[in-house]
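Following the hints, put chain B in place on chain A, whose structure we already have.
Protein chains in written order, with full-length UniProt numbering: chain A, 1 to 433; chain B, 1 to 51.
Hint data in this document are derived by calculation from the structure and do not stem from the laboratory. All values derive from a computational prediction rather than experimental measurement. Where hints are given, some of them may not hold.
Unchecked claim - Think about it this way: if two alpha-carbon atoms lie no more than 20 Å apart in a straight line, the pair counts; the simulated SDA-like pairs of lysine to any residue are:
no., chain 1, residue 1, chain 2, residue 2
1, B, Lys12, A, Asn125
2, A, Lys383, A, Leu307
3, A, Lys35, B, Asn33
4, A, Lys180, A, Leu192
5, A, Lys2, B, Leu39
6, B, Lys9, A, Arg147
7, A, Lys179, B, Glu42
8, B, Lys12, A, Asn116
9, A, Lys103, A, Phe56
10, B, Lys9, A, Pro169
11, A, Lys91, A, Asn125
12, A, Lys103, A, Pro92
As the list claims (entries may be wrong) - Pulled from the structure, derived: some chain A residues nowhere near chain B, Cβ distances all over 12 Å:
no., residue
13, Asp118
14, Ala137
15, Ala185
16, Ser190
17, Leu226
18, Met239
19, Met301
20, Leu339
21, Arg396
22, Asn403
What the hints assert, rightly or not - Now the stretches of chain B that chain A is said to cover, found in silico as 3 or more residues with beta-carbon under 8 Å:
no., region
23, 5–19
24, 23–37
Even glycine gets a Cβ: it sits at the ideal position worked out from N, Cα and C.
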Amino acid sequence: MKYDITLERIANCYYNLGLERARLRDLSGAAELLKKALHFDKYQREARNLLGLIFFEMGEVADALVQWVISMNLLPEDNPADYFLEQIQRKPAILRICSDNVKRYNQALDYAQHNNEDLAVFQLNQVIGDSPNYVKAHILLSLLYMRRSEWVKAGKSLYLVLKIDRNNPKALVLMDYVKKKTGRAEVEQSRLRNVFSHRKMMDDDVMMPQEVKQISPWAVSALLLLGVVIALFVFYLLMLPAGIRRANSKNNQEMISYTEKLDAANQKMGDLSAANAGLQKEYDEMKEKLDRYENQNASFMAQYQSLVGINNALSTGDLTQAAQLYTALDQSAITDESLVSMLSSIKSQMEGSVYLRLQELGSTAWNAGRLEEALQDYTWSVKIRREAENLFLLARIQQTMGNTTEANQNFDSVVGEFPSSPYAERARQARGY
Amino acid sequence: MINFEDEIKRFKPSLDVDQLEDAILKVDLTDMNDLMTQLMEEALKKGNDPS
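Bound conformation, chain A alone:
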């Protein structure tokens, strides 16, 4: 049968055309021709392998693998597809990255078709970052940019597509649209018109060389002077104010720095003043406590000395001295426990027996005619313990010594203070009621 040879020839012809297109980097066109070659002869090994390579170049790794696997299955002997598959299998990371990219592209496409443009753009940019040759991703991204009227970005994406696949039909159509939107199309058309125009060159188009003029030395000096003046003018007008501003700025910075330091010092001083006030207050309180303690101590010593003096006087029998010290003692001021017990003992003696003893001594002195001594003894007895008897005797001796006023007062006291005692009636009689 001759038709199989004819079909092989047709297939071979399509393959040659496809190869030519592929060499010119028209990958889309080449792919179409190679597919036709395979329609005529599925055993056209080179066509299938080249189709796989084209798919791989355009980022469609799975499609490339499909072609190479089929190629190996149909013609396993000396097939270059074996080398391609081995290269990919040898580096599983590449396959994994490609697989991830395909998944991300599909996800981005889903986002784009469901109006999640931002997510789609973000995802596609990541995909393109990992697979810069992924044509479909570039075209989808450019479409999304175009929908957002980001013409420049769309144009860049399409430019990359056309670098990979020079005659990609979709990219060409979109690029044309982008050029119209950006005004690029008009510029290119204008250039083309200029290149292919048959307009004759006019006089204005010719660049005429300028005549070189001779400058006199005076003119040179004048120009130099003018240059210096302009330089000074520029310096004073532009550079000097800038310098002044810079200096002012520096001064201000220094001023701010000093102010901050001064604030810090003031704050420190305030803190120290507060600490000083606190310490002074503490010192005053401690001093007050110390003074109080010293006063208490002095008072304690005085009370102790008085009580010891009373005891000494009692032990030596000097009742008058004991009475003087006892009556001079401020008993309410004694709070110390040891002194209180000492006072209690002395008090029981003084108000239990000593006052009676003084009264007896006074009576003895009176009987002996020593009226002054008797008066003193009675007086001390009354001061120690005020009783009806010793008060009456004091009044009586005062009456005897002519001190009528004092005697009457004491008689009245006996009547008033001890009305039920026998001395009350005697006091009334002595008073002359």
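For chain B alone, coordinates are given in the frame of chain A:
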């Protein structure tokens, strides 16, 4: 005028590497040679058919 919505809807998902096996099985490998053979077999069958 390009309708962006339609253009985007025309895009098809890429073939995933995980679906490679199914894709290979689904590929139609019929070529012109197969079709010609089939046609000739049918023609021969008809030629031999006494009806």
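message: Hint by hint, where does the structure go against what was stated? Just the numbers, ascending.
response: The structure conflicts with hints 7, 11, 14, although it agrees with all the remaining ones.
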